[in-house]
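**Student:** Here are the chains, one letter per residue:
Number of protein chains: 2
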Amino acid sequence: MNVNVTRDNVFFAFNADLKPVIRVQQGQEVVMETNDCFEGQLRTSADLLDKLDWDHVNPATGPVYIEGAKPGDILRVDILDMQVGEQSIMVTLPGEGALGDMISEMETVILKVKDKEVFYKGSVHVPQKPMVGVIGVAPENGSVPTGTPGKHGGNMDCSLVTKGASLFFTVGVEGALFGAGDFHAAMGDGEVVICGAETPGRLTFTASVVNEMEGLPTPFISNEDVVATVYSAPTLDEAASGAVHAMAQFLTDFVKLPVNDAGMLMSLSGELKFCQIVDPEKTVRFEFPKFILEQLGYSCKNL
Amino acid sequence: MNVNVTRDNVFFAFNADLKPVIRVQQGQEVVMETNDCFEGQLRTSADLLDKLDWDHVNPATGPVYIEGAKPGDILRVDILDMQVGEQSIMVTLPGEGALGDMISEMETVILKVKDKEVFYKGSVHVPQKPMVGVIGVAPENGSVPTGTPGKHGGNMDCSLVTKGASLFFTVGVEGALFGAGDFHAAMGDGEVVICGAETPGRLTFTASVVNEMEGLPTPFISNEDVVATVYSAPTLDEAASGAVHAMAQFLTDFVKLPVNDAGMLMSLSGELKFCQIVDPEKTVRFEFPKFILEQLGYSCKNL
Chain U
149 MNVNVTRDNV FFAFNADLKP VIRVQQGQEV VMETNDCFEG QLRTSADLLD
199 KLDWDHVNPA TGPVYIEGAK PGDILRVDIL DMQVGEQSIM VTLPGEGALG
249 DMISEMETVI LKVKDKEVFY KGSVHVPQKP MVGVIGVAPE NGSVPTGTPG
299 KHGGNMDCSL VTKGASLFFT VGVEGALFGA GDFHAAMGDG EVVICGAETP
349 GRLTFTASVV NEMEGLPTPF ISNEDVVATV YSAPTLDEAA SGAVHAMAQF
399 LTDFVKLPVN DAGMLMSLSG ELKFCQIVDP EKTVRFEFPK FILEQLGYSC
449 KNL
Chain B
149 MNVNVTRDNV FFAFNADLKP VIRVQQGQEV VMETNDCFEG QLRTSADLLD
199 KLDWDHVNPA TGPVYIEGAK PGDILRVDIL DMQVGEQSIM VTLPGEGALG
249 DMISEMETVI LKVKDKEVFY KGSVHVPQKP MVGVIGVAPE NGSVPTGTPG
299 KHGGNMDCSL VTKGASLFFT VGVEGALFGA GDFHAAMGDG EVVICGAETP
349 GRLTFTASVV NEMEGLPTPF ISNEDVVATV YSAPTLDEAA SGAVHAMAQF
399 LTDFVKLPVN DAGMLMSLSG ELKFCQIVDP EKTVRFEFPK FILEQLGYSC
449 KNL
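So the protein lines, in turn, are chains U and B.
Here my numbering is used: the first residue of the first sequence is 149, the next is one more, and so on.
Here my numbering is used: the first residue of the second sequence is 149, the next is one more, and so on.
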């Protein structure tokens, strides 16, 4: 397979000053290699986190300049395919993650990925659930480390971000400056110990500006079953409120529902879900079923 | 069907002073009728919340005295069946719920429940997902309104609580004093507008003390697929941390996993989920797959 962007092209903060690795046309298929979140520094179970160079954590591959993408545009990124490596890594670090107070020893575990399963130590094997941890565009202002999630995307660790999903970002700078990395062969919602099955990978995507979607609350995700708003904030209460309000805004502004109907249908059949609770900001999403949008006569043609 | 406890037997706070409606043997099948969360006060869309008597909200049916249940025992409640009514209700109330700041008008919507679907106004119909909102036992100390969740159970609004689930509570007082109510014909995780499809119903259950489970972090839930810890707290960050720590305690104390393995497997394949974010305390659960417990050689015979 032709790779357009190799995994040696990494950056560690989303910002306007990044130099594009490649310029692509809207709709052009792009294949990008990615590193695991440790940039390959941990290779065996003897490699503990104390040897890690923390300046090389959560690398994103890119950035990719999307021709014609302008600040304020809504950029749609379709994930056509994603592949993970044959080996993945999990770690513990005392004091870190949601169980940091209970964890007293560093440990690194190598997990084999084979036949659509992920193998943990001796007896445990779980289904592969490939997902992209870091994905986003440069923000209009400032610089956001790739380990942090936000309005620009970034380290959302959202399990919806996988093959078949479409992501929507508000373009912050000319060309959008898109990047992605930090794949997981599997990860449960919450990512509670601080990692999923961390793995290098390969992403195949197209990106293009969508019309008539100005004002969409981004990051926004769509797949076969649901649309979802994603919100990151220092506390889970703020993140949950943000995701809920973003979906209510979508349902009132775009689907044109009265706010009472939006709220009641969200309460009846929408789902508030955790993405991760262990990054510098916590990430929550709100999923709303597409079948209800269809029942309401809303066309999902742009989603 | 023989009903053991009719829906006129209600209480509004879980506490040791409740007078039992019925005394049952451990393992004896019990059928209980329940009221909707408004105790039937709202009957048409013209009945808005301003006419509600708030002293009659979230009634639980019972309490049921379980013979032989003693303080400190772990009580297992098996939900053999649950039925919901043919009509359910949703409401909005300005200032309340996760969208309270956006909602300016009270509204009451009557939803028909038919053919395993719930019908909302004209065109929207969603699959029935019956669940029990309020379920619990009297706490050892104090009195907890039935609208509030806590260590004793109560208004957890947890969508796992349905037919086929087993719930585990730590008995606080002689006879446990079990009660339940506040059924929903459907509700999305989060219950964001402040209600699900509120409905009266009928619960069929057995209750018995389980041995060798002392110290289980309760409330605890088990179904065909997962075990789950449930935790309620004033903030979502505290509730999430509580649910995560409770599952880590179960996996280390009962499954005998080293804490690093517990944490990594939780992060790999466990799921942190919202129950509700709109009650006086917020409720979060952590689900862990039973198939991993089996791979680890842990017998779920008591779960």
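Hint data in this document are derived by calculation from the structure and do not stem from the laboratory.
The structure displayed is predicted, hence computed values, not measured ones.
One should not assume that every hint holds.
Remember, identical chains collapse to one label, so a pair may be satisfied in a single copy or spanning two.
To be verified - In silico DSBU-like links for lysine-lysine, alpha-carbon gap of 30 Å or less:
(1) Lys299 x Lys199
(2) Lys277 x Lys438
(3) Lys264 x Lys438
(4) Lys269 x Lys167
**Student:** Work down the list of hints and note, for each, if the structure agrees.
**Tutor:** Status of the hints after comparison with the structure:
Taking identical chains as interchangeable, the C-alpha atoms of Lys299 and Lys199 are never at most 30 Å apart, the minima being 32 Å within one chain and 42 Å between chains. For the identical chains of this complex, Lys277 and Lys438 are neighbours both inside a copy (22 Å) and across copies (18 Å), given an alpha-carbon limit of 30 Å. In this homomeric assembly, Lys264 and Lys438 come within 30 Å of each other (Cα to Cα) both inside a single copy, at 28 Å, and across copies, at 19 Å. In this assembly of identical chains, the alpha carbons of Lys269 and Lys167 never lie at most 30 Å apart, being 41 Å within a copy and 53 Å across copies at closest.
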